[in-house]
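Student: Let the sequences and hints guide you as you build the complete structure.
Chains as they are written, first to last, in our numbering: chain A, 1 to 354; chain B, 1 to 354; chain C, 1 to 354; chain D, 1 to 354; chain E, 1 to 354.
These aren't lab readings, by the way, just hints derived from the structure by calculation.
Since the list can't tell identical chains apart, any single copy or any two copies may satisfy a pair.
Result set (DMTMM-like, lysine to aspartate or glutamate): computed pairs, CA atoms no more than 25 Å apart in a straight line:
no., residue 1, residue 2
1, K207, E196
2, K101, D259
3, K77, D251
4, K190, E220
5, K77, D259
6, K207, D273
7, K39, D251
8, K190, E91
9, K159, E91
10, K101, E144
11, K101, D251
12, K190, D259
13, K190, E128
14, K351, E213
15, K31, E52
16, K101, D266
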Amino acid sequence: MSKFIKKVSKKVGLHPGALVAIDEPKHQKVKITAIQYDKDNFQEKQIQTIEESLSCKKENAVLWLNINSVSNVDVIKDIAQFYKIHPLVLEDIMSTGHRPKMEQHGEYVLVILKMLYCSGKKKEILSEQISLILGPNYVLSLQEVEGDVFDAVRDRIRKGVGQVRNLGADYLLHILMDAIVDNYFVVLEKLGDRIEILEEQIITDVKPQVATEVHLLKREIIYLRKQIWPMREVLSGLQRGDSKVISRSVDIYLRDVYDHIIQIMDTIESFRDILAGMHDIYLSTMSNRMNEVMKVLTIFASIFIPLTFIAGVYGMNFKYMPELDSHIGYFVVWGIMIIVAGTMVIYFRRKRWL
Amino acid sequence: MSKFIKKVSKKVGLHPGALVAIDEPKHQKVKITAIQYDKDNFQEKQIQTIEESLSCKKENAVLWLNINSVSNVDVIKDIAQFYKIHPLVLEDIMSTGHRPKMEQHGEYVLVILKMLYCSGKKKEILSEQISLILGPNYVLSLQEVEGDVFDAVRDRIRKGVGQVRNLGADYLLHILMDAIVDNYFVVLEKLGDRIEILEEQIITDVKPQVATEVHLLKREIIYLRKQIWPMREVLSGLQRGDSKVISRSVDIYLRDVYDHIIQIMDTIESFRDILAGMHDIYLSTMSNRMNEVMKVLTIFASIFIPLTFIAGVYGMNFKYMPELDSHIGYFVVWGIMIIVAGTMVIYFRRKRWL
Amino acid sequence: MSKFIKKVSKKVGLHPGALVAIDEPKHQKVKITAIQYDKDNFQEKQIQTIEESLSCKKENAVLWLNINSVSNVDVIKDIAQFYKIHPLVLEDIMSTGHRPKMEQHGEYVLVILKMLYCSGKKKEILSEQISLILGPNYVLSLQEVEGDVFDAVRDRIRKGVGQVRNLGADYLLHILMDAIVDNYFVVLEKLGDRIEILEEQIITDVKPQVATEVHLLKREIIYLRKQIWPMREVLSGLQRGDSKVISRSVDIYLRDVYDHIIQIMDTIESFRDILAGMHDIYLSTMSNRMNEVMKVLTIFASIFIPLTFIAGVYGMNFKYMPELDSHIGYFVVWGIMIIVAGTMVIYFRRKRWL
Amino acid sequence: MSKFIKKVSKKVGLHPGALVAIDEPKHQKVKITAIQYDKDNFQEKQIQTIEESLSCKKENAVLWLNINSVSNVDVIKDIAQFYKIHPLVLEDIMSTGHRPKMEQHGEYVLVILKMLYCSGKKKEILSEQISLILGPNYVLSLQEVEGDVFDAVRDRIRKGVGQVRNLGADYLLHILMDAIVDNYFVVLEKLGDRIEILEEQIITDVKPQVATEVHLLKREIIYLRKQIWPMREVLSGLQRGDSKVISRSVDIYLRDVYDHIIQIMDTIESFRDILAGMHDIYLSTMSNRMNEVMKVLTIFASIFIPLTFIAGVYGMNFKYMPELDSHIGYFVVWGIMIIVAGTMVIYFRRKRWL
Amino acid sequence: MSKFIKKVSKKVGLHPGALVAIDEPKHQKVKITAIQYDKDNFQEKQIQTIEESLSCKKENAVLWLNINSVSNVDVIKDIAQFYKIHPLVLEDIMSTGHRPKMEQHGEYVLVILKMLYCSGKKKEILSEQISLILGPNYVLSLQEVEGDVFDAVRDRIRKGVGQVRNLGADYLLHILMDAIVDNYFVVLEKLGDRIEILEEQIITDVKPQVATEVHLLKREIIYLRKQIWPMREVLSGLQRGDSKVISRSVDIYLRDVYDHIIQIMDTIESFRDILAGMHDIYLSTMSNRMNEVMKVLTIFASIFIPLTFIAGVYGMNFKYMPELDSHIGYFVVWGIMIIVAGTMVIYFRRKRWL
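Tutor: Here it is as C-alpha cells:
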C-alpha cells in the first residue's frame, strides 16, 4: 500500500514551497555528474558543488547535470539560486510521491517522471521519481537514488552516436525520456511473462495461491497505470507547448515517445482485461471442481446408503422374521442389493454423472 | 447513510434564499476570530460582532475573519449586510450538505469545500463544510463547528514565515485551501493503512467479518470521492476565472493545489480498484475453503460408507449364510475391506485430493 | 416495468402533432387555476375556459395558469390557439412518458420535468410529468393529475414572501422548478433511509428476501436516474439560452437549481455504488454460511462414520472372530473408537474448523 | 450470432463500388410503388421500371418511390443512372449489414436505417435495413423485403391528414423516419413485457432455464443497442447539416425524432441495468437454495449419524458387554439417544437453521 | 501473451532512429515487386534493388512497390535514401510491434496497419504489420512476411477493373486499406462462428473446458480490439489531413473505410458483451448443477439415514428388548419405516425437490 501513497504527514502545515527532504536523512552525500558536449568536444566529471558546474560552462555547449539524491537540502537550494528555479518547483522535485507532470516556466521546463525497473532476483517492479529541468543549453536530472537507465545514453553522447551531439539540450531531454519509456517496455515484458505463466497454471492445474498471485499482479498493474497514465499529458504538453527552450524540430521525436506511451497504456489495459478474465476462469474452475467432488460423494452415498439400510434390516434381532429362516433369503437379498445398486448406476449414467 | 444525504425536509417549500440554520439550535454561541496583518503589523483578536471587525479595518492590510458556527442566523445576516453578500450565497453557506463549488460574484469569490479529518480513537473520517469568501483585502472563513486544520497557517502568519505577509488576501485563500487539501493526504494515508491491514488479513487468514470491513471501506471511499471530485472544478475555476480579487501571480500556487487534488483522485481510484480486487480474492478464498471442506467429507464418506456396508452384510441374521461358517471368513472380509479402502485411497490420490 | 416504458402502441401511425390523450379517458374534467399578481395586487380563481383567463389579463402582471389534467383535448387545443403553441409541443405535453427536456421557441420556452413524490404508506416513489411553458408575463403549468408540490409556492405568492412579487414570470418558473427539485431531496432521503435499514440487516442478519429488496431498490435508483439525468441539460440549456423571456438576473437562481441537480446525481451514483456493494456482501455472507453448514456436516460425518464402521465390524456374525471372545475386547474397541474420534477432533482443530 | 455480423466473405476483394446483391438470388422480382402528390393531387401506382417514374414526374409535386427489394442489380443501376447516385452509395444500399448512417452528397442525402418489428407468434425481433434517399422533390425508399411500417403514412398522404400534403419531400423523409422510430417503441414495449415476466418468475419461483432466457434477452438488447445507437448521429447530422434539400422548417420535427431516439437509448440502458441485476438476483436465489438444501442434509445427517453409531455399538457381538445384560440397558440407551438428538435440535435452533 | 507485447529488450538503449531488424535474421532475402500503371499501360516485375525501381519510373504513372520483408536493413536504408524517409519513420516500420498510426510528413504520408488473417486448420488469428507510405505518384507497402490479402487488388489493377487505373496513388492507398479492412470482416465472421458454437454448447450441454474456451476467445477479442481501435484515428486523420498527396476526391472512399472500421468496432464490443454474458450463464449452469447434485444426495441421505437408524436399533443385542419378542414387531417396524420414508417423500415434494 505504501507504494500508493507516500507518508506526507510531516509536511502538513508547512508553508507551500518549504523545502523538506522526505523519506531520507537530511544531509546525505550527493553525487553530481556534469557532462558537457558540443559537436566537437566532450567533457565528463564528478563535481562537488553547483558553482563548479557554472565555472566551466561554455557558450553553445550542452550541459547535463545529473544530481543523484534529491534529499540534500543545501544542494537543492544552490540549484534554485544558480538556475533561478521557483521554490514550488523545488518542493515538487523533493517530494518524491509526485504525479508525473510537465510545467512550463518562463526560462525552463520542468518534467517529473517515474523511472521504472525490475530489481534483481524477485523481479519486483521498483519506481523512482526523476525530475528533469530543461533550460537554454542545459538539462538538470534529479534522481532519488543512485542507479538509472541512462548508461546507454551516456555512451552515445561519449561516442557521438546518432544525432545527439549535433542537436541541442531539448534533444537531450528527449533521449532521456525515451530511455525511461523504453524501460517501461522491459517492465511490461516481465509482467507479461508472469501473466503468461499464471494463465498456463490456471488452465492446466489451479492451486489456491493462484488467486492471490492474480490479485498481486492486478495491484502491480493498477500501480503502473497510475504512474504512466499522466505521461500522456506530459508528452502532449511538451508537443503543444510554446516554450522557447523546445525547438519544433524535436517535435517529431516527442511524438514518437508519445506513441510509445499510448502503446504502453494499451498493453496495460489489455493486461487488466486479461487478469479480470483470469479471475473469472479461476472461479469457474473452482466451481467445476466442487461439482466433481460433490458428484463423487453423491454417487457413493446414494448407492451404498440404501444397501446399508437393507443389510441393517436383516441385522435386526426380531424373534419372528420369516425371511431369515429361508434358505435362499441371503442370496435373494444379495440379488435385491445388486439390482438396487445397478439401478442407481444406470440413473447416474443417464444424468451423465458417471 | 446520513453522510450521503442531509435531512433537508424542513427546508422544502421555503423561498430560495431563506436563511434557516440546519441541523443545529438556532442561536448558538458564535466565535469570531479576526486576524489582520500586513508586511509589518499583525493583530489577532476575538470579536463579538461583525461591526467590530469593520471598525478596526486598515487600508491595505489583509483581514481574515474566521466564523466558527454557521448556524447563528443573526451573525450571518450581519455578514450579508456588511460585506454585501447575495442571499443565495448565504443560503449555500448555511446548508451544510453542499457540494464543493466555486462561484464568482462581482466583488467577491465564494469557495465551498469539505474539511476532512480523522477523529481520535476510532479514526473515523469526519467531514465539515467550510465556506471561504474572498473579497478585496479580506477572507471570510465560515466553519460548521470549532476545531480546524488551520493552526499551522495561523502560526505562519503570526511569525511571518514564507511569503504570506508579503502577499494579498488571494494568497491567504490559497494557503487555507492548501492546508485543507494537505489534510486529505493524511486521511488517505489512514485509509491506505487500513486497506493494507485488511489485505494482509485476507491473504493470510480470512475471517467472515473481513467482507463487511471491505464493504465499509468501500463506502468511505465512495464518500470521499463524492466530496473531493468536485474540487477539480473548483480549482480549475479559480485558475481560469477572471475575477478581480485573484491576481495572476497566485496562479502557480493554485495549480499546485490542483495537482494535489488530481493526485488524491488517482489514489482514491486506485483504492477502489484494490478494494474491488479484495472482494474477488475473498470470494476465491471462500470457494477454496469450501472445496477443501467438501473434499474431506467426500474422502471420509466414500471410504467408510462401502466398508460399513460390507460389515452390515455380515451382520445380517440369515440362517443360511455360507461365509459366516468359514473359519477364515472374518479375515477374508477384513482383506476385502482393506483392498476396497486402498483402492479408494489410490483413486483419490490420482485425483490429487489427497 | 411499466414505469420504464409507456404503452405508446395506440399512437403509432398517427401523424406527428396529432393530439391524443394517452392513458386517461378523453373528456375528463379539467381544473384550471389562475393566479395573477404584481407588486401590489394578487388575484386567484378557478376558471372554466382558457378564454376567461385572457379576459382578465392585466398589463405587467404575472399570470400563472395551472391546468390539472393534460388529457382533455379541447382545453389543450384552446391553449394552443390562445398562446400560439406549436402542435408538436402540445403533443409532447400530452404524451406523459416523455424525457425531461427544454425547448426554446420564438415567444415561449417549454420545460418538461418529472415531479417525484413518495405516496403515503408504502412510500413508493411516484412520478408525474409536469410541463411548464414560460411566455412573456405568463407561466402555464400542465400536470397529469391533481396534487402537486406547489402549495408552499402559492403561499409565498399570496403573502408576498421573498422576492417573488417583485420579479417576473421567469422567476416564477425558477421557484416552481426549485420546488420540484427540492422534493427530489425528500425522495432521496427516503431511499437513503431504506438503503440504511437494508445495509444494517445485511451486516447483522441476512434473510433471503434481502436480495430481492436490494434488486428492487436498484430498480428504483435506475428509474430515478433516468428521470433526473436529463435535468442537467434542461438547466444548463436555460442558463445558456438566449431566449427573450428569461432575463439574465434569474441566472444566479437557475445556477442554484443546477447545483442541486448535480448534487442529486452525485448522491444517486453513490447509492448505486453502495447497492452494488451490498450485493457483494450478501453473496459473501451466503458463501460464509454455506461454509459453516458444510463444516458442521463434515465434522459430524467424519467423526461418526469411521466409528460406525468399527461398530459394524464387530456386529458381524462370523463364527470365528477371535476379538469377540476376548473379555476385554469390548473395552479395547471403545478405546480405539475414542482414539479415532480424538484424532479427528485434533485434526479439525488444526484446520481451525472447530 | 448471424444477426451480429453478415457473411461478407464473397465480397472481399471486389473493387469498392462493385454492385453485388448479397444474401438473395440476383434477379428477384422487384416491386416499385410510386406515390406522387402535391397540395391538390394524389397519384399512386405500381411501376415496372424507373424510367416510368420519371416520365410522369410533375414540377413541384413530391415523388415517393418505394423499391421493395434491393437485390435486383439492374434496377439499382437504373436508379444510379437516373438519379445520379454515387456507386459507393449504391454499394452501401445493397450490402444489408450496414450500420445506420447519414451522408450528404451534393444533390441528395442518404439515410440508412434499421426497421425493427416483432414477428407474429414467437415475437422475435426482426431487423430490416431501409435506405432513404432524399433529393429535391423526391424520396427513394429501398427496402430489403416486402412489408413495412409505412401503411399509416400512405394513408395519411392519401387522405391529406395533417401537413404532409402542404410540405415538401424533406417532411416526407421525416414522417418515414418517425414511423420507423415509433415502431422501436413497440419493440421496446414487447421486450419490457418479457423482462417483467422474467423478473416476476425470478423473484417468485426460479427455474434453471431463466438464466438462459436472461442471457437471450441480454443479447437482444445488445443487438438493439448496436442498431439504434448510431441513429443519434444520423439525426443530429440531419439537423446540423447544411444540405439544400432539407429546409430549416423541418428542423423542429427532426428534433422531435432525435428526442425519441434519446428516450429509446435511455430505456435500453435501463433494460441492460435491470437484466444485469436479474442475473445477480438469480445467483443469490441459487445460493440461497443451495444453503437450504445443505441445511436439510446437515440436520438429518448430524442428528441420525451419532444415533446410528450408538445403535451400532450395542449391535456388536462381544461376549462380554456388561450393558447388554442389564435389564434397563435398552431403555437407558433410548434415553441417551433422545438426549443426543434433543441436544442437536437445540444446537441447530440456536444457529437458526431450524 | 507474446501477442500483446513484443520482446524489445535488445533495442533498449539504442539511439532513436537506430535501425535494427527485430525478430528475424538480419540479411534475409527480400522480395520486391514493382507495379507501375497509368490509364493505358501496366507493367509488373520482380526487382532486386530499389535503384532499379527508380530507373524505370515514368512521369504520371503510379508506382506500387511491395517489399516483402522489413528485416533487411540494407534495403530499408536504400529506401530511406531514395525516397527521403525520416529515420524515425524507418524505425517505426522495422519494429513490428507497433500500434496502427498515421503520420503526415512533408512529402509523404505514413500509415501503419495490422493485416489480420486466419491461418489454415487451427483458424488462429494471425496479425502482420504492414506499413504503407504514400508519396506523390508512388505507394510503398512494407510487409513482415510473404503472403498478403492484395491478390484481388493486383488483379483489378492488371485488368483495369473499376476506377483504379484512372485515379492516382492516393486511390491505390485507399484500395489497399480497403482490402485489409475487408479481411477484418472475414476474421470477425470466423470469431462469430466460434462464439455461436460455444454459446450453443453452453446452453445445451456445458463441459468444463468451455470456460477456458470463453477465456481464450475473450483474449482474442481483447487483442483484436487493441489492433483495430487505433484505426479510427488513422482514418479520420487521413480524412482531416491537409497533405498534398491526398486529393479531396478520395475522401468519400476514405469515409467508406472509416464506416467499416466503426462497424467492426461495434461488432467487437457486441462480442465482448456476449462473451461476458456467456461467463455469467456458465456460472449459473454450474450453480444449477451443483444444486441438483446436492438435492439428490440430500434426498437419499435424508430418507435412508433415519431408516438405517431404526434398523440399527433393533439390531442391538440387549437381553431385554420387549419389541423383539413380539410376533408382529418386525412388521410394525416395517410399517414405521414406510411411514417415515413416505413422510420424507411428501416433505421433499412440498419443497419441490422431487
